[in-house]
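Student: The chain contents come next:
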Amino acid sequence: MKQIVIDPVTRVEGHAKITILIDDSGHVSDARFHVTEFRGFEKFCEGRPFREMPGITARICGICPVSHLLASSKAGDKILAVSIPPAAIKLRRLMNLGQIVQSHALSFFHLSAPDLILGMDSDPSKRNVFGLIKADPELARKGIRLRQFGQEIIEHLGGKKIHPAWSIPGGVRNGLSEESKKQIIDKIPEAKQTAKLALELFKKLLPNFQREIQIFGNFPSLFMGMVGEDGLWEHYDGKIRFVDSMGNIIADELDPANYKEYIGEAVESWSYLKFPYYLPMGYPEGIYRVGPLARLNVCEKMGTPEADKELLEFKEIANGDRAVSSSFYYHWARLIEIIASLEKIEELLSDPDISSKKLRANAGVNSIVGTAASEAPRGTLFHDYQVDENGLIQKVNLIIATGQNNIAMNRTIEQIARHFIHLHGTKIPEGMLNRVEAGIRAYDPCLSCSTHAFGKMPLEITLVDKNGNVIDKKSR
Amino acid sequence: MSSPLEKKILIIGYGNTLRGDDGIGQIIAEKIEKLNFKDIDILALHQLTPDIAGKIIEYKVVFFIDASQNTELNEVQVLSLEPSESSPKIEHAMNPEDILKLAEELYNFYPKSFCVLVPARNFSFSESLSDLTKSMIQPAIKIITEKIKNFN
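Line by line, the protein sequences are chains D and E.
First residue of the first sequence: 139, per the numbering used here; consecutive thereafter.
First residue of the second sequence: 50, per the numbering used here; consecutive thereafter.
Isolated chain D (complex conformation) (with noise of 0.2 Å):
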C-alpha cells in the first residue's frame, strides 16, 4: 500500500492536506481530505451570554461571516420566543443576497476562473487570478467590482465591521437609508450584467471539460437544501428538503429546528472535520450534498424571471426530471444564483416594508433551546443552542455546509484519482493534482481560516508507502 499526499490544497478557505492510498496493485483503495486545524468554537461559547453568539460565531470565517450572523440570530430569535418584525425578516434576507453575491463572486472569478479559462493543464504557475488578468483583464476587473457590490450591501446595513453584530435576536439593530437604498439599486445593473457574462462564458467554456464533468463528483448522491412555499428556492428560512439523483422527493418539510432527527453526524480518526449523514440511510450510505447545486436540484422555481429561465435550461442537464449529479456544476449554479439574488436585491429594494422603523422584538429568555438554520453560500448552516434560564450558552453544536459536503468531497477525490492513477500508475501526474484541487474547488469549501496565511503556500506532494516511508516528494 501507498499513499499520495497532497498538502496543502491552495486556494480552499483553511488548511487541508489530501491523502489518496494506494494498494500493491497500484490501484486507488481509498482518498481522504483530512482537516488538521481544530478549531473548537464550540467549546469556547459555553458559558457566554447568547445574546453574544451572533457577534462571535461571525469571527469564525473572514468569507462568509454574514451567514453564521443570520443562523445565530434566528437560534436567538427562538430563545427570545418571539416573530421578529417582517422589516427585520427582509434586511435579513437583503444581507444574506449579498453574501451569496460575494462570496460567490469570489468563488467563480477568482478562486476556479483560472482554471476554467486557462485550462486544467496550463502552468499551474500561472493557473491563477495574475493568469487570468493577462487573459482577460475587463472580466478581472468586473468580477472584483460584483464581489465588491455585494460587500457594499452588507456594509450598508452592518457598517464597515460586521462582527459586532448587526443581525441580533429578535431582528436587526439598523435599517436602511434612503441613500443607501439608492446607492445599491444604481449598481444594479452593471452587476447584473457582470452575472450573465460569466454565466455566458462558462457555458460556452463547458464543451472543454467533459472530462472534468465525468470524474468531478459525478456519482449518486442524495442533495439537501432549503425550499420555501411551493418548492421556490430559498436561502433565509424555509422547509429541509432531500432528493435523490433520480429527483425523487425523499424527505419533505422538514422542521431545521428537528436536524437531530435527520442528519447524525460520524467521527473518522483522521479529520477534524464531522462527516454528516442523512441519517435514516445510515453512514455512509446517506451521502448528500448541499450548497448551490443541491439548492438547485431541490428546488422547482426560483421565483425571478431570469433565474427561472436560467433553471430550466440548467436542469435540462439531466433531462429536467433527475437532479445535476456532477460537482462540476457547482459552478454553473453558483453564477444562476447569482442572478436569482441579484433579482431578489431589486425586489427587496421595492418593498415599502424595507424602510419600515420597527426592526426588533424585545423579549427575554423563553426558550432554553434555539434551533435555527439559513443557507449559507456554501449550503445550509445549523446553529443549535442551549441556554440557562439566565441565557448563558450550556451546549453549542453547529453544522456547517462544508461539513456536510465532507463525505461527497472525499468520493470526488477518490472518483478523479481513480481515473488517472488507473491511467498512470503510481506515478504522480500534473493532470490529476491540478483536477483533485480543482474537484475540490468545486464544492468551495470553506474551512474558516482561524489565522490568515502568511505569504506563500507551497504545493506539497508526498507518496508514501503502506509504513509511512517517503518514497517520492514533489512541490510546486
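Since the hints were derived computationally from the structure, they do not count as laboratory data.
Where hints are given, some of them may not hold.
[Stated by the list, open to error] With a straight-line cut-off of 25 Å between C-alpha atoms, the simulated DSS-like cross-links for lysine-lysine are:
(1) D:K320 to D:K280
(2) E:K104 to D:K272
(3) D:K280 to E:K109
(4) E:K104 to D:K325
(5) D:K319 to E:K104
We have chain D; now place chain E onto it with these hints.
Tutor: Frame of chain D, contents of chain E only:
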C-alpha cells in the same frame, strides 16, 4: 506614481480577533479610527481578499497593520512595500504584496504602501492579547501617526 483619484490615506488592520495576538491589526486600526484624523479612512478586516485591490487604488498611501509571525521580533517594525515579484497562489487570504501586485496588474497603479508589523506571540484560541503585544499598541499608534504627518 500618483493615485488617479488623489485620495488620502487608508489604514488597514487585519487578523483574526479570536486568535489572540493575531487580531492586533484590527485592534490598532480601530484605536486610530477613534483619534478622528482628517482624511484618513480605516478598514478592520479578518483577512485580505482580492477586492481590497480595488479599494487601495483610491488612496495615495496605504498602511497594512498585521501581527508578525516572527517570534523574535520585539518591537514594531515598519516596512516599505512593493508588489510581489511572482504570482501568488493563494487568493482567499492574500498578503499586502499580493494585493499591490493585483492592483498593479488590474489598474496599472498601486499606492505608496507600508506594512506595520506588531510583535506577537500567542496565536491560540483566545480573545485576549499577550502582554508583549498589548504593550506594543501605543508604540505602534505613535509610529503610524508620525508617519502619517509626512503625507498630510
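Student: Hint by hint, where does the structure go against what was stated? Just the numbers, ascending.
Tutor: Nothing - there is no hint that the structure violates, so all of them hold.
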